[in-house]
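> Sequence:
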Amino acid sequence: MALVFALLLASALSVGGESTQPWFVSVYKPEFNVNAYASLDLDMREIESLAVTGNKQDLLTIWDVYSGADGDSGGSGITLEDLADVSFGELDGSETLKLYKDFYGTAEYSDKWLRAALNGESTESFSNGKADFTKLDLKGRSAAVQHGIRAMAIWGHIVGLVEKTAERCDGTRGNSVEQKMLDRAVALYVGSTARESGAGGHLLYTLANEECYHFGRCKKGEEAPVNKYIMDKFAKVKLYLDIGGCSNLKNDARDIKSLMTVPLIQAASRAMYTIDKEDSTDGALQGEAAAYAAALLPLIHQCGAGNSKIIEADMLPGKSVSGSYEVVKAAFERCYEKLGVSCEDVGGLVDFSKKQYKRGAQACGGVMPGQGVIEGFVGSFPAQSPTPESQKSQPYQPAAPTSGKAQ
Numbered sequence: 070m071a072l073v074f075a076l077l078l079a080s081a082l083s084v085g086g087e088s089t090q091p092w093f094v095s096v097y098k099p100e101f102n103v104n105a106y107a108s109l110d111l112d113m114r115e116i117e118s119l120a121v122t123g124n125k126q127d128l129l130t131i132w133d134v135y136s137g138a139d140g141d142s143g144g145s146g147i148t149l150e151d152l153a154d155v156s157f158g159e160l161d162g163s164e165t166l167k168l169y170k171d172f173y174g175t176a177e178y179s180d181k182w183l184r185a186a187l188n189g190e191s192t193e194s195f196s197n198g199k200a201d202f203t204k205l206d207l208k209g210r211s212a213a214v215q216h217g218i219r220a221m222a223i224w225g226h227i228v229g230l231v232e233k234t235a236e237r238c239d240g241t242r243g244n245s246v247e248q249k250m251l252d253r254a255v256a257l258y259v260g261s262t263a264r265e266s267g268a269g270g271h272l273l274y275t276l277a278n279e280e281c282y283h284f285g286r287c288k289k290g291e292e293a294p295v296n297k298y299i300m301d302k303f304a305k306v307k308l309y310l311d312i313g314g315c316s317n318l319k320n321d322a323r324d325i326k327s328l329m330t331v332p333l334i335q336a337a338s339r340a341m342y343t344i345d346k347e348d349s350t351d352g353a354l355q356g357e358a359a360a361y362a363a364a365l366l367p368l369i370h371q372c373g374a375g376n377s378k379i380i381e382a383d384m385l386p387g388k389s390v391s392g393s394y395e396v397v398k399a400a401f402e403r404c405y406e407k408l409g410v411s412c413e414d415v416g417g418l419v420d421f422s423k424k425q426y427k428r429g430a431q432a433c434g435g436v437m438p439g440q441g442v443i444e445g446f447v448g449s450f451p452a453q454s455p456t457p458e459s460q461k462s463q464p465y466q467p468a469a470p471t472s473g474k475a476q
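According to the numbering used here, the sequence shown is numbered sequentially starting from 70.
Take the hints with a grain of salt, since some may be wrong.
Okay, derived cross-link-like pairs now, EDC-like style, lysine to aspartate or glutamate, Cα gap no bigger than 20 Å in a straight line [unchecked claim]:
1. 249 / 100
2. 388 / 100
3. 125 / 177
4. 388 / 201
5. 378 / 351
6. 199 / 171
7. 208 / 117
Hints are computed from structural coordinates only; laboratory data are not their basis. Everything numeric in this text was worked out from a predicted model, so none of it was measured.
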């Protein structure tokens with residue numbers, strides 16, 4: 070079935086494809102056939118179904134899907150493992166990938182982290198953020214691999230592609246190299262099965278929609294505001310490439326990266342809240358917390374080594390069961406300005422039965438849920454951590470595209 074779907078998608082994503090096109094072509098029409106990237110969400114769908122079992126054979130099968138050893142990469146020829154290899158020339162020079170390489174001490178940080186989770190080993194060779202997967206059970210390791218692929222390998226590859234698109238822009242109209250990289254980034258972000266309504270999908274676009282609901286930024290099944298902004302940004306960058314305008318591309322790349330960080334923060338926070346405040350000992354949640362922590366650590370470290378040490382001490386494998394949600398939340402919030410996100414972008418964890426924020430999980434800056442998201446919302450508990458004035462700013466607002474070449 071995966072191969073049949075991939076063949077249909079290949080036709081749809083070719084210029085001139087019609088009825089089977091994924092929805093994102095209505096707001097961003099790729100110039101190149103990006104089936105090889107969009108259809109990777111089929112592999113993620115299979116991995117998600119395998120991860121919930123928590124048995125060794127399914128964990129090994131997850132790895133076969135990740136590496137392409139199962140012989141079926143959705144018919145695309147590209148594997149999820151390929152995305153974890155950021156050492157090859159196409160992404161060389163990405164500012165963010167260099168940051169991750171310097172923090173972990175290797176350009177293969179994603180693949181090595183995922184292999185350690187698979188085998189129940191430690192990333193002892195890392196310079197920072199060392200994870201000991203002997204502390205997690207099979208269910209936790211399966212979840213770590215599942216969420217780590219999306220949060221580390223896929224997230225990093227998309228950001229690298231976008232940053233390289235901006236860096237390589239030289240004012241030549243319709244430059245095919247940059248356009249191809251941008252097309253791949255969009256396909257990897259949304260995938261082939263997500264829908265404009267916010268439903269469906271298995272990649273980062275879908276993660277943002279899911280977390281948006283839990284954090285009171287949108288209704289269940291709606292498109293997250295950050296996704297609307299990201300798709301707007303992708304379309305703007307494509308327009309700039311079409312007209313040979315490079316002057317704003319680095320700012321746009323930075324905005325996309327910042328907005329893509331929001332669901333990582335939300336997912337990490339929600340897992341930590343459930344473990345700490347709801348006394349969950351579920352191994353899968355521990356693996357999930359470890360994956361999103363690992364994905365965020367280099368960015369948090371850039372904000373301050375003390376903050377990253379808090380995340381390491383409270384969220385890495387074996388740490389979250391004794392970690393503090395309040396301490397982690399405060400560390401994240403201290404870094405919002407550096408990360409380029411706001412209190413309103415992230416929101417707060419909602420208790421829908423009581424129509425209020427969960428105790429201690431309110432949005433910083435006095436931010437309430439999005440308008441119309443929760444009828445009869447009754448407010449929140451007092452803030453648990455101080456909120457700098459800089460965090461009270463408005464969320465990112467997309468600007469109208471402008472034309473003109475770089476000076």
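> Looking back at the numbered hints, which does the structure fail to meet, lowest number first?
2, 3 and 5
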